[in-house]
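S.K.: In the order they appear, the protein sequences are chains A, B, C and D. Using the working numbering, the first residue of the first sequence is number 1, and each one after it goes up by one. Using the working numbering, the first residue of the second sequence is number 1001, and each one after it goes up by one. Using the working numbering, the first residue of the third sequence is number 2001, and each one after it goes up by one. Using the working numbering, the first residue of the fourth sequence is number 3001, and each one after it goes up by one.
The set of hints was computed from the structure by calculation and includes no laboratory data. Wrong hints could be hidden among the right ones.
Here are the computed distance ranges between Cβ atoms for each label pair [as the list claims (entries may be wrong)]: (1) C:2024 / A:346: 48 to 56 Å; (2) D:3088 / B:1115: 33 to 41 Å; (3) C:2024 / D:3173: 42 to 50 Å; (4) D:3066 / B:1066: 47 to 55 Å; (5) D:3091 / C:2110: 23 to 31 Å; (6) A:69 / D:3056: 33 to 41 Å; (7) A:143 / D:3091: 47 to 55 Å; (8) D:3066 / C:2305: 21 to 29 Å; (9) D:3173 / B:1113: 14 to 22 Å.
A partial selection of chain D residues facing chain C, derived with a Cβ cut-off under 8 Å [what the hints assert, rightly or not]: (10) 3035; (11) 3082; (12) 3087; (13) 3101; (14) 3104; (15) 3106; (16) 3275.
Derived lysine-lysine pairs resembling DSBU-like cross-links, with alpha carbons at most 30 Å apart [as the list claims (entries may be wrong)]: (17) C:2145 / A:203; (18) A:312 / D:3118; (19) A:128 / C:2169; (20) A:140 / A:370; (21) D:3126 / A:256; (22) D:3118 / A:256; (23) A:166 / C:2145; (24) A:376 / A:128; (25) A:279 / D:3133; (26) A:77 / C:2296; (27) A:192 / A:172; (28) A:127 / C:2161; (29) A:58 / C:2296; (30) D:3118 / A:311; (31) D:3133 / A:176; (32) C:2161 / A:140; (33) A:301 / A:77.
Bear in mind that the values here come from a model prediction, so they are computed numbers and not experimental data. Note that CB positions come from ideal geometry on N, CA and C, so glycine has one too.
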Amino acid sequence: MSVKHLLVSASAAVALALAAAPAAAQKKYDPGASDTEIKIGQTMPYSGPASAYGTIGKAEAAYFKMINEQGGINGRKINFISLDDAYSPPKTVEMVRRLVEQDEVLLVFQTLGTPSNTAIQKYMQAKKVPQLFVATGATKWNDSAGNPWTMGWQPNYQTETTIYAKHILKEKPNAKIAVLYQNDDYGKDYLKGLKDGLGDKAKSMIVAEASYEVSEPTVDSQIVQLQGSGADVFVNITTPKFAAQAIRKAFDIGWKPVHYLNNVSVGVGSVLTPAGLDKSVGLISTAYLKDPVDTQWATDKAIVDWTAFMKKYYPEGSLIDNTNVYGYTVAQTLVQVLKQCGDNLTRENVMKQAASLKDFAPDTMLPGIKINTGPKDFAPIESVQLMRFDGKTWVRFGPVISADAN
Amino acid sequence: MNFPAAMNKPLLDVVDLHAGYGLTRVLHGISFGLAEGSITTLLGANGAGKTTTLRALCAMIRPQGQVTFDGQRIDARATEDIVRLGIAHVPEGRGTFVHLSTEENLRLGAYVRKDRAAVAQDFDRVYGYFPRLAERRHQQAGTLSGGEQQMLAVSRALMLRPRLLLLDEPSFGLAPLIVGELFGILRAINQRERVSILLVEQNAAMALDLADHAYLIETGRVVLSGTSHDVKRNDAVRASYLGY
Amino acid sequence: MSAIATPVGTPLAAAASARRLRLIGLAVIIIAACVLPFVVSNYRTFQFTLVLVYAIALLGLNILTGYNGQISLGHGAFYAIGAYVAAIMMDRMGVPYWATIPVAGALCLVVGFLFGLPALRLEGHYLALATFALGVTMPQLLKNKYVEHWTGGVQGIVIVKPDAPFGLKLSPDQWLYLFTLAITVVMFVIGWNLIRGRVGRALVAIRDQPIAASAMGINTALYKSLAFGVSAMYTGIAGALGAIAIQFVAPDSFGVGLSIGLLTGIVIGGLASIPGAFFGALFIQFIPNVADQISKAAPWAIYGIFLIGFMFLMPMGINGAIRLGWARMRHRHSKPAQREGG
Amino acid sequence: MDTFVHQVLAGLATGGIYASVALALVMIHQATHLLNFAQGEMAMFSTYIAWALINAGVPYWAAFFLTIAFAFVLGLAIQHFVMRNIRSTSVLQLVIVFIGLLVIFNSVAGWLFTYTIKVFPSPFPKESLFGQKYLSSHELGAIAVTLVVLTLLWAFFRFTALGLAMRAAAQNPTSSRLVGIRVAWMLALGWGLAAAIGAVAGMMVAPIVYLDPNMMAGILLYAFAGALIGGIDSPGGAVVGGLLVGVLENVLGAYVVGNELKLGVALVLIIGVLLVKPSGLFGSVQVTRV
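Bound-form chain A, shown alone (with noise of 0.2 Å):
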């Protein structure tokens, strides 16, 4: 599909938008659509070394349950094929041929991890099979014009490191930065942005950078190095579990530094209560979804629907965990996608569809916070704000800032 060709759809697309109708011609179907079903494919890790967000894809497989059950879009039930990658790429390459091929879904979703992604996006442009909202926030998803079938979702990490790096350098011109990075694409991801948020001031401060392996015990040691280094600032780019051991080791060897930690690990109920509520005081973040244990949405209506939804749907899922939350609200987008194409449901006009979503907001993202894609912007959330822990909630502070504007 060459970029003119794109831009002609684009347009199209806009074109739609402001006439603000859902695609109302007779119907149109690609593989896996028809007037009774949609098919959606995907690959999660149930097994393997991260089958800790295989829960993402068992909560998005509940929500298609629930709609299915709601009567579906526009009539339509969806089929939801996910299959195990165990995090091991030739795996994934294996089981998204087979959805494309043999199960001939419409579309596949939410694929799981950079590797995987990675080995799969190339096959995907040739097949021109959408291969929608990836969950990972690496950068390279937002390429229209190189890979328009393949689209990010979560606001991608390195624009989140660069937030934090204007905002150390607005606060704390003159800070001494130590970094903690997993040793994979996703910490170096991070690391990138931290210091292109620096730019050449991110030799100067960065005084010490300690990396680890998610098959390490604890973490312990490389808080001890970073504390040794007499830095102020710690931006921590972990995931939960070492997350928790970072903030409790930094606070237990009474390393008091401004400490940033990364979206990833923001759940209070799966990373700070293990941590310490008290061990966690004065973390600065990020965040664009709401969190399901935080007090100040206890009565929010997003979370106790959601809360419902789990009880319903995923009964054996986890309440405390926040990706939970992730999963239902990515899978919220894809049916809003869905309903914009109406009886369209090609491959195409999905990518089109996906590629004109205007200010859309599921109730479980914070206020503010909206998702807007375009021809040229495959990148649905751009907007993330910045936040500090209490000890008991997490408190949003300045405004939402949105990636464009760094």
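Knowing the structure of chain A, use the given hints to seat chains B, C and D on it.
M.R.: Relative to the frame of chain A, chains B, C and D by itself:
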């Protein structure tokens, strides 16, 4: 059954014993008896079934037939239980626990016994028989010489305070001098402690000197039996086993 | 243990007929293998390409573990080296895909041999640890900043799938399958001769009677490290083919899971058996998918049950079970008397 | 300097973790001459049982001992229902069974208890002891517990007839039967004790690393290395080995090769030592097979 008149009630009574390995049958109906307090020897060429007989007696291989020890059938019992009846087996190759110390090997010999005090005495007793083991008590058994390991094997068996001692080729691979010493001690054990002994030996001459009763086994059957005295005089035995 | 040994006392005639049967069977299988890509979908063809790839790797591991008795929990490392050689040469140097295969093999041969030298002095647990260490550290080495420029670090390398040459009317999948099949046949013929020949006998001797073997004048050290080298070479070639089929390499593709999977493959398939490599390959390729179909909740639990079940039902591996059944069948015709003696 | 001391002590803390798991490995090896790759996952699973009990309101120490009992039975059951029925001709088949057990426990734990990390309580005081901030009192307590287990284990093998019989049964089953040892029971008992020790390790580890189904995945390799470098047949050696690995890893990571390579380098060093001293630092010289 061809028991000597002297023997009224045998300690061990074996009737029509069959056994083998996998599909290979080795024993084709062995029958013999052993009187309480006696030393009985099984003679025979290699592969005649002597070792197999001992293995079958203590269920290291499953036998068919009837084995009675002190009035109880034992042919259907597990090795561990047979040992508990007081049958100690010094296996072919000595079965030393090579990674354990001499003393630990002996402790294992008394594993099934509960009378700790008596066990303590028995250490001194066997060290009395084999002073060399006393010197080596903390040495890893695997590092002992062949003769010492044989002594250890016998001692380990004695630690059970057995009523019946099954000995498989105790002279194997030992210097004549040591064999002599060993057999002397076996006789002493038999006489002082009334331990009955079933001895399997290549060295027929020495076996017959030690034993008071003998059975000759060929291809899994008893072909001749009697007091050592008579057997020694048997021409066939002299020709093929004693070589004079 | 050796699955090649024919059952005790089989009459020569039967053995001969068995050999004839085996040859016919082999021919049938090869023909079927050639026809396969034209009767099944591209996706299935792709899956069977992977089966062939795994089969090569398993044969390699079997030479080391099955025939020479050296355990390896880290063969994924050699698979990874092979894969990266192919990827780097194709992507960074523009070398045609077929040219990367021998290079991958050669490099792994050397690396394997060198790793084998110290491994000589290690046995059992210690060798397991050493190889496991190799398997665990390889992904970390691949993303290390000093080699990142070549390996693409954590992001890995995407490579292009080759099209059929000389304007053949074949889909890339079909072509790659046939290409892989050809290499598989070559590798197995080599392996067959190696194992049946002097080398093979030496390897087995070293496995079963190390002392006797060295007493017989077999250079144990040389053969053991040689076994490592050859084994690594096979696995490396498999890795290269795998990378070309998958069109992507990344550290995450070559974790410990791969090494464990390979070991599982040879044991399930049948230790020290050549056909076992294929059975094992089918197992590691398809059983995880089956497990996933059975339970989303705990696919690994199902997989584990499969592993234990297989070991319970066929401790000698699939190949062993087949031979046993075959022998039993044949035994019914032969008189029990023939099985006496021994 | 202060940081260095701190690194070493932190290394001792993690080393204590490895040591406690290494002890379970020594136990199973003494009883069966095998190394059970599923030992870690069994420990993890037992720890979840403890967690469930404590959440159900059972007081800590009650839960602690109930869990040990559970683990013991679990071990017996695995030997009795699984291992005993595998007619293996090569140790590799058992390795595959171990791998099977490993993935089953890991997967079932994730399924039953989800993958969100859980806080596991510590029986030791919150505030750190002796007014130092290097080691939390739990880390010290955990090391202490490990040393207690070590002493018990050592005494068990050194002084009790059962311990001796267990070693004998593993070395020479035939001779063991001939002295009246019930070999099958010894194996089952060995599995039970190993699992119980593993459970203790799990309950000591969880408060430090948090409880999740992959808690032991990384630890097992280090414990494996620790046990081997210390000498797989020597409980004391295993503990020293475990601590050594912990310290070595930290120091390497912080001062020598950096975190990315520390694991690799540590393992290379260990293997180097094993090349020179194949029976480990404290192991008695003897041939071992996997």
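S.K.: CA of residue 140 of chain A to CA of residue 370 of chain A, is that 30 Å or under?
M.R.: holds, 21 Å
S.K.: Holds or violated: the 42 to 50 Å window for the beta-carbon distance between residue 2024 of chain C and residue 3173 of chain D?
M.R.: The hint (42 to 50 Å, Cβ to Cβ) holds, given that residue 2024 of chain C and residue 3173 of chain D are roughly 45 Å apart.
S.K.: Measuring from beta carbon to beta carbon, are residue 3173 of chain D and residue 1113 of chain B in 14 to 22 Å?
M.R.: holds, 21 Å
S.K.: Tell me if the straight-line CA distance from residue 77 of chain A to residue 2296 of chain C falls inside 30 Å.
M.R.: holds, 21 Å
S.K.: Tell me if the beta carbons of residue 143 of chain A and residue 3091 of chain D are separated by a distance inside 47 to 55 Å.
M.R.: Holds: the Cβ-Cβ distance is about 51 Å, inside 47 to 55 Å.
S.K.: Would you check the hint for residue 312 of chain A and residue 3118 of chain D, treating anything up to 30 Å between C-alpha atoms as holding?
M.R.: holds, 24 Å
S.K.: Check whether the Cα positions of residue 3118 of chain D and residue 256 of chain A lie no farther apart than 30 Å.
M.R.: holds, 25 Å
S.K.: Return holds or violated for the Cβ distance of residue 2024 of chain C and residue 346 of chain A against the range 48 to 56 Å.
M.R.: Because 52 Å falls inside the window, the suggested range holds.
S.K.: Holds or violated: are the alpha carbons of residue 3133 of chain D and residue 176 of chain A at most 30 Å from each other?
M.R.: holds, 23 Å
S.K.: Does the structure keep residue 127 of chain A and residue 2161 of chain C at a Cα separation of 30 Å or less?
M.R.: holds, 14 Å
S.K.: Can the restraint linking residue 58 of chain A and residue 2296 of chain C be considered satisfied, given a maximum Cα separation of 30 Å?
M.R.: holds, 9 Å
S.K.: Does residue 128 of chain A sit within 30 Å of residue 376 of chain A, going by the straight-line distance between their CA atoms?
M.R.: holds, 18 Å
Checked against the numbered hints above, the structure breaks none of them.
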